[in-house]
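Trainee: Each chain, written out:
Protein chains: 2
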Amino acid sequence: MHDHILKSYDAEQKRLLDETLRMGEMAAAQLEAALDVVQRRDDKAAARIVANDEAIDALEHEVSHDVMKLALRGPMARDLREILAAIRIAADIERIGDYAANVAKRSMALNTAPALPHVAGLQLIGRLAVKQVRDVMAAYRDCDVEAAQRVRASDAEIDAAYTGLFRELLTYMMEDARAITPCTHLLFMAKNIERIGDHATNIAENVWFLVRGDDALPPREKADESNTATL
Amino acid sequence: MHDHILKSYDAEQKRLLDETLRMGEMAAAQLEAALDVVQRRDDKAAARIVANDEAIDALEHEVSHDVMKLALRGPMARDLREILAAIRIAADIERIGDYAANVAKRSMALNTAPALPHVAGLQLIGRLAVKQVRDVMAAYRDCDVEAAQRVRASDAEIDAAYTGLFRELLTYMMEDARAITPCTHLLFMAKNIERIGDHATNIAENVWFLVRGDDALPPREKADESNTATL
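Protein sequences appear in the order of chains D and Z.
Counting in full-length UniProt numbering, the first sequence runs from 1 upward without gaps.
Counting in full-length UniProt numbering, the second sequence runs from 1 upward without gaps.
Chain D extracted, bound-state conformation:
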């Protein structure tokens, strides 16, 4: 390719990366804000978070559009992996944004009943998930496979915390029938956060694919046993 064509390709690829990184930070900030409104029981702020999700969706459309434009130039090898990774990572971030918005939305249902003492566990796994999202986006920005692998390995921590919270919430529901509806919302909020951890893991695997191509991913442990939990 001519020099000026290469330059404009690089500029568009840089733009694509910047958009994806911006999306990631928006999703992390949305989750952080959602955890905050759960704590503060602030319906107005919760409604704002739900509305903000559109901005992430709009950015995903821009990413898809830019991927289309770059794909038309017939990129090869690493350049091609860059755009495939961007489209997949943008899809994961879009889902993370949806889950964060759903946490905010469900907080409004929680606020129709008296405050629960069980919200602390949610904050804990929520903060772990925010960190996972920020760490994996930094690994993506830096093409840092080792950092991405660390995010992938830490997902077991979120899974274990989720399983613990799941069991804890079941016991509250058994002790007091009035806790059933709010605890069910908390169960789904916790599940949303656990899923955010899974999407951070997907992003980590795309960083691996971007840098290492078709090399096989190293194995990792899973610790979510709530699927088979019985009390």
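Hints listed in this document are in silico derivations from the structure and should not be mistaken for laboratory results.
You may find that some hints are simply not true.
Chain copies aren't distinguished; within one or between two, either way the pair holds.
To be verified - Below 27 Å or equal to it, Euclidean Cα-Cα: the simulated DSS-like pairs (lysine-lysine) are: (1) Lys69 / Lys105; (2) Lys44 / Lys7; (3) Lys131 / Lys69; (4) Lys191 / Lys105; (5) Lys14 / Lys131; (6) Lys7 / Lys191; (7) Lys14 / Lys69; (8) Lys105 / Lys44; (9) Lys7 / Lys105; (10) Lys131 / Lys7; (11) Lys69 / Lys7.
Position chain Z against the provided structure of chain D, taking the given hints into account.
Mentor: For chain Z alone, coordinates are given in the frame of chain D:
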């Protein structure tokens, strides 16, 4: 391009479509089988469904691989949309497969307690979701935008059935504390099925994108109100 190059491109594109359609049918069959094992309380068959999910994941890797190969040929316009649609649809089917496997996995937890009478509602929305997956894959195969739009519109039916089931399960949990753990699994199983409906909708939107490009999607109604349900 030369004639023989065009021919081999068409053959590879056909192969990509066939793989994606095969993935879709595998996911629909997995969900059907999962509903069946819930009904029959068959742990062995449930374990087989969980194990089968790997075959869908492997097929998604093949689709990604074939998309990479096709993208190297620098496809334009409709051809480019074909491969972008294939990669996104394959990702949605992979998730549908995960949700179907999770329904089977949770059925094993249900089987540790006496049979519940509340499984009928799950079968109903499960069958709706199986139909949505098969219908949307047929719409994709035929590039039938109208059929895809019908699938998109019917998602409201699954959402409404899910909201009803969600409320029904909450009442059983309130009536009998022993029902809390199994009903929680049923809540998550119902949620998985409702999410399968959402992924069928995503596929329908990709059929639209494939055929109509960047034309704006027509609006549609949503009917899942369980996020804000209070009892």
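Trainee: Next, verify each hint and record whether it holds.
Mentor: Now for the hints, and whether the structure bears them out:
1. In this homomeric assembly, Lys69 and Lys105 never come within 27 Å of each other (Cα to Cα): the closest approach is 36 Å inside a single copy and 42 Å across copies.
2. Proximity of Lys44 and Lys7 under a CA criterion of 27 Å is satisfied in neither setting, with 46 Å inside one chain copy and 58 Å between copies.
3. Taking the shortest Cα distances, Lys131 and Lys69 never come within 27 Å of each other, neither inside one copy (32 Å) nor across copies (35 Å).
4. Taking the closest pair of Cα atoms, Lys191 and Lys105 come within 27 Å of each other both inside a single copy (14 Å) and across two copies (16 Å).
5. When the C-alpha separation of Lys14 and Lys131 is checked against a cutoff of 27 Å, the pair qualifies only within one copy, where the shortest distance is 24 Å, while the shortest distance between copies is 42 Å.
6. With identical chains, the CA atoms of Lys7 and Lys191 are never at most 27 Å apart, being 44 Å at best within one copy and 48 Å at best between copies.
7. For a Cα distance limit of 27 Å, the shortest separation of Lys14 from Lys69 qualifies both inside one copy, at 13 Å, and across copies, at 24 Å.
8. Within a single copy, Lys105 and Lys44 get their C-alpha atoms as close as 11 Å, which meets the 27 Å cut-off; across copies the closest is 38 Å, which misses it.
9. With identical chains, the CA atoms of Lys7 and Lys105 are never at most 27 Å apart, being 44 Å at best within one copy and 51 Å at best between copies.
10. For a Cα distance limit of 27 Å, the shortest separation of Lys131 from Lys7 qualifies neither inside one copy, at 34 Å, nor across copies, at 49 Å.
11. In the homo-oligomer, the alpha carbons of Lys69 and Lys7 lie at most 27 Å apart both inside one protomer (15 Å) and across protomers (25 Å), since each shortest distance falls under that limit.
The structure is inconsistent with the numbered hints 1, 2, 3, 6, 9, 10, although it conforms to all the rest.
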